[in-house]
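As a plain string of letters, each chain reads:
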Amino acid sequence: MKILLIISLAIVLSAFDTITAAKIFDKIFHGMISKEYIAVYSSNKIYREVILSATSLHLSDSCKDADIVLIDNLSEIPKECKDKILFSTSYLAFKKFDNAVGAFYWDRGHISIKFLKSRLDKHKIKLPNTFKKYMMKEKP
Amino acid sequence: MFSFKTIQIKTLVLVFSVFALFLTIHAIYEFNKIKVRTFETLDKMNTTINTIVVEYTSAYVYNEDIVNLQKTVDAIKSDYVKSIYILDKNANIIVKSKKSTLGTTKHPKFDTLLNSKNSAIKNTKEYIVLNTFDILGVPIGYMILEADLQTYHNHIDEEIDKLIFDALFWIVTFFILSMLIAKSLSNPIQKIIDRLRLTGDSEVLEFPNQPQAEFRFLSLNIARTHNRLRLSNETLEAKVSEKTHELQELNRVLENKVREEVLKNQKKDKQMLQQSRLAQMGEMISMIAHQWRQPLGAISATASNIEMKIELESFDLNTKKGQNEQNKYFIKKLHEIGGFVQNLTVTIDDFRNFYKPNKASVEVSIEDVVTKSLNIIKASLENDNIKLIYEYNSKEKFKMYDSEMMQVILNIIKNAQDNFREKSLKDTASHNIENPQIKIMIERRKVDICDNGGGISEDIVDRIFDPYFSTKDEKNGTGLGLYMSKIIVEEHHNGKLNVINKEGGVCFEIELNESV
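If you're matching them up, the sequences are chains A and B in order. For what it's worth, this note's numbering labels the leading residue of the first sequence as 1, then goes sequentially. For what it's worth, this note's numbering labels the leading residue of the second sequence as 1001, then goes sequentially.
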């Protein structure tokens, strides 16, 4: 089952444009953290490529040194990174991890970007006004 | 600018024009609104479709899921939509409504749309809008929506039809309303006019009570003025009749006075004419004496010759030849005496004609009149060595009073002769005229009689035609000659008699009118 999921995700991820995705993550992460270069950690190969394609994102080799940890449905988060700021590319992961402050995912034709206010506050993250429409007060 | 027959028509036209103006403005406004509304409908349709497509296909666009994109786009049903294109982020068409297309071609108007205001081309020929799919401002694809303008035009046509129907309804309604307003406004005036028409000038005018204050005031004043005028008219008519009678009487008296004065003047003129002729008669006797002297002398000489021939027995009466010669001589001399007597007869006939009063005008040439005048005075002029020069350029005959005209010509020539005589009597070098001459020129109806007698002094030239004005002594001048000449030429012949000083003498210019 797991293999099937991996294959299907791989097919989906292979379809999208890495550069466009890099631009989107660049925007999202710079909205969250005011730094010129943001260190991002991801265990997913495709997302690692996306981070590498972004102009203002830096791919961190260790989870410990990362400003943001990019997770997906299948990711396993190292213990030392459990307190780090997590950002999800899956609704389920967003729901599952309490440290996941936001998510960027799609459900059939819909594209969603979500942030949970309480989790952002916990990490003292203040989003710009342009992100207000993506803000949620209730837990997913 | 325009004139209307009645105030009712004028009010109708004015009120209806105001309504029509408002209706026209409203129609233009509505017509523009129809266009705007229709475009708004298209805009709403675009917004709705854009919202739906963005909501339900962003992920498909992001992932270039053509199958699902085609399904979603095909599911959109609208009369206003002609085509929907979905483009990838490089503007290549990946989906077209009802037709799947691979992302190889670019939409022909993509660049125009991208650079245009609001990313749209909106006019009556085409309505194309470019919508962008983006995530946080990062474009992931585009949608181009082409509206079906046939539906738009059909919609406008429907709206215009409605507008025309409404306009017709309002035109009829406004016309009826205008008529009612016009009638309502003009009715009181019409009633006043009708009453005025029916009331004669001599009748008392009364109007029924008018409900409106303005018309009440108007009708009361008209009635008051009419009745006042009626009374004034009656008084005036009586006064006019009285004054007319007085004027007629005065006119009659004046006419009688004028008639009397005219008769008096005519009588006076006649007397003066007669007086003037009598004065000329004395002068004429002298002229005739001169005229007769030569033929009488010739007759006397002929008679003496015959007597001498008889006494000297110049012819041999014993012979047939002598008897024949004497007979021939006598016959010749008797013919000569007959000729002289004929000459005397012509002179006396002209003289007699001159004194015969002119009762009617006769057709005669001016030359004949001048010749007859000269027959009387010629010998007298020759006796005074006055040279006569003639220039006759017309034998045209026309109607005139010939003896009156003879009187004029004789009078002017006699005046010239008297002037020459007076100057020769003074016998001084400064006054004596060496070659006295009188020149008579006839040109059509104009006669100029000029002399070289030194002219008339400028001091008196304006008065020479006045009655009883004369430069001669009392014995020789009555002062009526030139006055009567002027009367004869200007009043009897409708002509002109003028005098001017010219070339060392005086010229009298007589110009006769064509109709006497």
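In case anyone wonders, no lab produced these hints; they're calculated from the structure. Any given hint could turn out to be false.
Derived contacts from chain A toward chain B, CB cut-off under 10 Å, selection only [claimed, not checked]: (1) I24; (2) D26; (3) G31; (4) I33; (5) K35; (6) A39; (7) F97; (8) D107; (9) S112; (10) K126; (11) N129; (12) T130; (13) F131.
Backbone N, C-alpha and C fix where the C-beta goes; we use that ideal spot for every residue, glycine too.
Consistency of the hints with the structure:
1. For A/I24, the shortest C-beta to C-beta distance to chain B is roughly 5 Å, which falls under 10 Å, so the interface hint holds.
2. With 10 Å as the threshold, the beta carbon of A/D26 comes within range of chain B, its nearest partner Cβ sitting at about 9 Å, so the hint holds.
3. This hint holds: A/G31 has a C-beta 8 Å from the nearest C-beta of chain B, less than the 10 Å allowed.
4. Hint on A/I33 is violated. Least Cβ distance to chain B is approximately 15 Å, over the 10 Å limit.
5. Using the Cβ-Cβ criterion of 10 Å, the hint placing A/K35 at the interface with chain B is not satisfied: the shortest such distance is roughly 18 Å.
6. With a least beta-carbon distance of about 21 Å to chain B, the hint placing A/A39 at the interface is violated under the 10 Å criterion.
7. At its closest, the beta carbon of A/F97 sits 23 Å from a beta carbon of chain B; the interface hint therefore is violated under the 10 Å criterion.
8. For A/D107, the shortest C-beta to C-beta distance to chain B is roughly 7 Å, which falls under 10 Å, so the interface hint holds.
9. Given hint, A/S112 at the interface with chain B, holds; its Cβ is 9 Å from that chain's nearest Cβ, closer than 10 Å.
10. Residue-level restraint check for A/K126 is violated (minimum Cβ-Cβ distance to chain B is 17 Å; threshold 10 Å).
11. The beta carbon of A/N129 is not positioned within 10 Å of any beta carbon in chain B (closest approach about 13 Å), and the interface hint is therefore violated.
12. Taking 10 Å as the C-beta cut-off, the interface hint given for A/T130 holds, the closest approach to chain B being about 8 Å.
13. Using the Cβ-Cβ criterion of 10 Å, the hint placing A/F131 at the interface with chain B is satisfied: the shortest such distance is roughly 8 Å.
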